[in-house]
Amino acid sequence: NAGVTQTPKFQVLKTGQSMTLQCAQDMNHEYMSWYRQDPGMGLRLIHYSVGAGITDQGEVPNGYNVSRSTTEDFPLRLLSAAPSQTSVYFCASSTKPGTEAFFGQGTRLTVV
Amino acid sequence: GESVGLHLPTLSVQEGDNSIINCAYSNSASDYFIWYKQESGKGPQFIIDIRSNMDKRQGQRVTVLLNKTVKHLSLQIAATQPGDSAVYFCAENNDDYKLSFGAGTTVTVRA
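Protein chains in written order, with our numbering: chain A, 1 to 112; chain B, 1 to 111.
Hints are computed from structural coordinates only; laboratory data are not their basis. We put the beta carbon where it would ideally sit given N, CA and C, even for glycine.
Partner residues are not named here, just some residues of chain B that face chain A (Cβ under 7 Å, in silico):
(1) G43
(2) P44
(3) F46
(4) N93
(5) Y97
(6) K98
(7) L99
(8) F101
(9) G102
(10) A103
(11) G104
Extracted from the complex, chain A is given alone in its bound form:
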């Protein structure tokens, strides 16, 4: 099992550009989530999904969209990148919501 795979690992965007961060898991987990990690602030939940076709907002959803067309994939879309979205993004999955989450390796995004 590869676990949770995120691509790309690094990305630089210009302000106003859009892009999609990819996340895939091969553990057949129903629950997936996206976090951003900023210095001194821990991890903050952006969006989550409790199963294919179901998504909901987390703590900091503005500027991001998600969809969940399959159990395996949970992409995160930045609609119009802003410097405030410079961060490290982590995707996670778990068998049940609010339980042990398996994290990907992260995507370091810089918006200039």
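We have chain A; now place chain B onto it with these hints.
Below, chain B alone, put in the same frame as chain A:
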């Protein structure tokens, strides 16, 4: 999350000593807690968890203690090794669908 009063953002430990990392959680209704370890450039990795009906749980070289009276969680690492150098996060489940993470404690092991 972690309160400023109990949480130390950094901890320096001599190799071979025991480490204690503290975390104060915010919601008395939280019923599940996890400790994660994050090494540089990697994603958080599960260490150990504990449910609110327990006070203590032990793993390999690690022990988690839960004091619900003062909403305090601690992670004890026995015989700290250089490979234990990392950032440690506590997380609480105060909502059926969400984990809330603290700011983390950076542990540095001195040789």
